[in-house]
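Undergrad: Letter by letter, the chains look like this.
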Amino acid sequence: MLRSERKSLRRFLVLYMLLMLGLFALGSLLYYRSQEQVMLLQTKSRLMDYAAEQIRRLKRLHEHFPQQNRYPRDPRFRSAIYDLEYVKIFSTLRDGRVDFLGDIYSVGDVIHYVKILDNYYLGAKYLFVEVPRDRSWQQAVLGRIALAGTVLGILLALLGYSLARLFVRPMRQSIRLLDDFIHDTTHELNTPLSSILANIEMIDPAAMKEGDRRRLERIGVAARTVSTLYEDLKFLTLERHRPVRDERFSLDRLLKERLDYFEVMLRSKQLELRTDIAPVTIRADRRLLARLIDNLLSNAIKYNRRGGRIEVSLRPGSLRIADTGVGIDEEALEQIFERYRRFDSSEGGFGLGLDIVKRIADRYGFVIDIRSRKGEGTEITLSWKAEEE
Amino acid sequence: MRKMVLLFLIGALWGGSFDRNCIPCHRKEGVSLRLTFMNALLIYSGEHNMKAGLKYFLRHPSRETSVMGEEYFRTHRLKAPLTLPERELDEALDEYWERYKVIGRLR
Chain A
1 MLRSERKSLR RFLVLYMLLM LGLFALGSLL YYRSQEQVML LQTKSRLMDY
51 AAEQIRRLKR LHEHFPQQNR YPRDPRFRSA IYDLEYVKIF STLRDGRVDF
101 LGDIYSVGDV IHYVKILDNY YLGAKYLFVE VPRDRSWQQA VLGRIALAGT
151 VLGILLALLG YSLARLFVRP MRQSIRLLDD FIHDTTHELN TPLSSILANI
201 EMIDPAAMKE GDRRRLERIG VAARTVSTLY EDLKFLTLER HRPVRDERFS
251 LDRLLKERLD YFEVMLRSKQ LELRTDIAPV TIRADRRLLA RLIDNLLSNA
301 IKYNRRGGRI EVSLRPGSLR IADTGVGIDE EALEQIFERY RRFDSSEGGF
351 GLGLDIVKRI ADRYGFVIDI RSRKGEGTEI TLSWKAEEE
Chain B
390 MRKMVLLFLI GALWGGSFDR NCIPCHRKEG VSLRLTFMNA LLIYSGEHNM
440 KAGLKYFLRH PSRETSVMGE EYFRTHRLKA PLTLPERELD EALDEYWERY
490 KVIGRLR
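Protein chains in written order, with my numbering: chain A, 1 to 389; chain B, 390 to 496.
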C-alpha cells in the first residue's frame with residue numbers, strides 16, 4: 001500500500017471511529033438512563049408498599065398520641081414526615097435533602113419516595129421513604145455496555161476497514177495503471193536506446209568533418225542523458241524487486257568508469273574536471289552505487305554553468321562532488337530529496353535523481369551533507385564508515 | 390357585668406388567655422381539647438394553617454367546616470361563635486398550639 005493511500009485510509013478510519021464512538025456513547029447514555037428509570041420504577045412499587053405500611057402505623061400513633069410517642073421505625077427503610085408548611089415533624093432519613101415535588105428520585109446514595117397523605121396523621125402531609133441505592137443494577141448495566149462496546153467496536157472496526165479499502169480501491173487502480181504504464185514504457189525504451197548508444201560508439205569521429213563531429217557529440221550527450229533517465233526509471237520500476245547483491249569491490253574503479261561515461265557530456269559543456277581519487281573498497285551492490293554516482297555526476301553536470309568546474313574526490317569513508325552551478329536555495333535544501341521535485345524549475349526532466357541518491361544512501365547508511373550557495377555552486381559529500389583494509 | 394369581672398379576675402389569676410377562655414367551657418361541655426387538636430391536626434396539618442382555620446371556625450362555626458366529623462354532631466350540638474377580642478383569640482390559639490403540638494414531642 002502506498003503512503004498517500006495509507007494516510008487517507010487512516011484519516012477515514014479515525015473520522016469513522018470517532019463518529020461511531022459518539023453514536024455509541026449516546027446510545028449507552030440513553031440505555032443507562034432507561035435502565036435507571038426501570039430500576040426506579042421497580043423500587044417505586046416496593047417503596048409504595050413501605051409508605052402504605054408506614055401510614056398505617058402513623059395512624060395508630062396519631063390515635064394514641066401522646067401516651068405513645070415513639071416514631072415508627074422499620075429495618076427495611078428510613079422515613080420522615082413533613083407538614084403542609086414543609087416543616088419537619090420527624091425524620092430518620094440519612095440524607096435530609098428532600099424534594100417535595102420529587103415523586104421518586106435519587107439523592108446522594110439513597111433513593112427517596114414521596115407520598116402525600118390523605119389524612120394528615122400527626123399533622124404530616126408528606127411522607128418520605130428512603131432506601132439505600134442499589135448499585136448492582138448499575139454494575140450489570142455497565143458490564144453490558146462494556147460487552148456491547150467491545151463486540152460492536154470490533155465489528156465496526158472491521159466494517160470500517162473494509163469500507164475504507166473499498167473506497168481507496170479506485171485510487172489504487174489508477175496508481176497501478178500508471179505504474180504499469182511506466183513499467184512497460186521503460187521496458188520498451190531499452191532496445192532503441194542501446195542501439196543508439198552502440199551505433200554512436202561505432203562511428204569513427206576522426207573520419208568526420210569538424211561540424212559533423214560536434215553534432216555527433218551532441219547526439220551522444222543527448223543519448224546519455226536519456227540513458228541516465230532510463231536507468232533511473234528502471235531502478236524505480238523494474239529493479240525495485242530485484243534482489244540486492246552486495247559484494248566487495250573497488251569504488252575508485254567504478255567512479256572512474258562512470259566519469260569516463262560522462263566524459264562526452266563534460267566536454268560538451270566545456271567543464272573542467274578535477275579529480276582526487278584514492279583507492280577505496282566498499283561492500284555494496286555495484287549497480288546501486290553506479291546509480292548513485294551517476295545521479296550525483298549528472299546533476300553536477302546538468303546544473304553547472306558552461307565552462308564551469310567539477311571536483312570529485314574519493315577518500316576512504318567519503319565521496320565529495322562539487323560543482324560551480326546554479327546552487328540551491330536555503331529553504332529548498334530541506335525538501336531537496338523529495339521525489340519528483342527539482343530544485344531548478346528552468347531545467348526539464350523528472351528530478352528523480354536525488355530521490356534515488358537518498359534511497360541508496362539510506363540503504364547503506366551513508367550520511368549526505370549538502371552545502372550550497374545560490375549562484376556559486378553545490379557541494380555534496382557522502383560519508384560512511386570506512387572499512388579497515 | 391359583675392360576673393364578667395369576676396370571671397376575668399379568676400382567669401387572670403389562672404394564667405394565659407387559653408386557660409381563661411377555652412378550658413372552662415370545654416371542661417363544662419366535656420369536649421377534650423386534646424381530641425379537638427388531634428382532629429384539627431388531621432385537617433390543617435401546619436401551624437399557621439391550623440391557627441388561621443380554627444380562628445375562622447371559632448368565629449363562624451359550622452358543621453360543614455368542623456373538624457369533629459358528622460358522627461360527633463349526631464350526639465352533640467355546634468358551639469356558639471366566640472366573641473372574645475382578636476388579640477385574646479390569637480394568644481389562646483398560640484398557647485393551644487404550643488400545648489398540644491406534635492413537633493418536637495416524638496422520639
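There may be inaccurate statements among the hints.
Simulated pairs of lysine to aspartate or glutamate, EDC-like, Cα-Cα distance not exceeding 16 Å [said to hold, decoys possible]: (1) A:K7 to A:E63; (2) A:K234 to A:E201; (3) B:K490 to B:E453; (4) A:K358 to A:D369; (5) A:K88 to B:D479; (6) B:K468 to B:E436; (7) B:K490 to B:E418; (8) B:K490 to A:E63; (9) B:K490 to A:E85; (10) B:K440 to A:E85; (11) B:K444 to B:E477; (12) B:K468 to B:E453.
Just so you know, these hints were derived from the structure itself, not from any lab.
Undergrad: Indicate, hint by hint, whether the structure satisfies it.
TA: Quick rundown of the hints versus the structure:
1. A:K7 to A:E63: With a Cα-Cα distance of about 81 Å, the restraint between K7 of chain A and E63 of chain A is violated, given a limit of 16 Å.
2. A:K234 to A:E201: violated (23 Å)
3. B:K490 to B:E453: Measuring from Cα to Cα gives roughly 24 Å; hence the hint is violated.
4. A:K358 to A:D369: OK: K358 of chain A and D369 of chain A at ~11 Å, within 16 Å.
5. A:K88 to B:D479: violated (23 Å)
6. B:K468 to B:E436: This hinted pair is violated, its Cα atoms lying about 23 Å apart.
7. B:K490 to B:E418: violated (22 Å)
8. B:K490 to A:E63: holds (14 Å)
9. B:K490 to A:E85: Holds, at about 14 Å.
10. B:K440 to A:E85: OK: K440 of chain B and E85 of chain A at ~13 Å, within 16 Å.
11. B:K444 to B:E477: It holds: about 11 Å lies between the C-alpha atoms, which stays within 16 Å.
12. B:K468 to B:E453: With Cα atoms ~13 Å apart, K468 of chain B and E453 of chain B stay inside 16 Å; holds.
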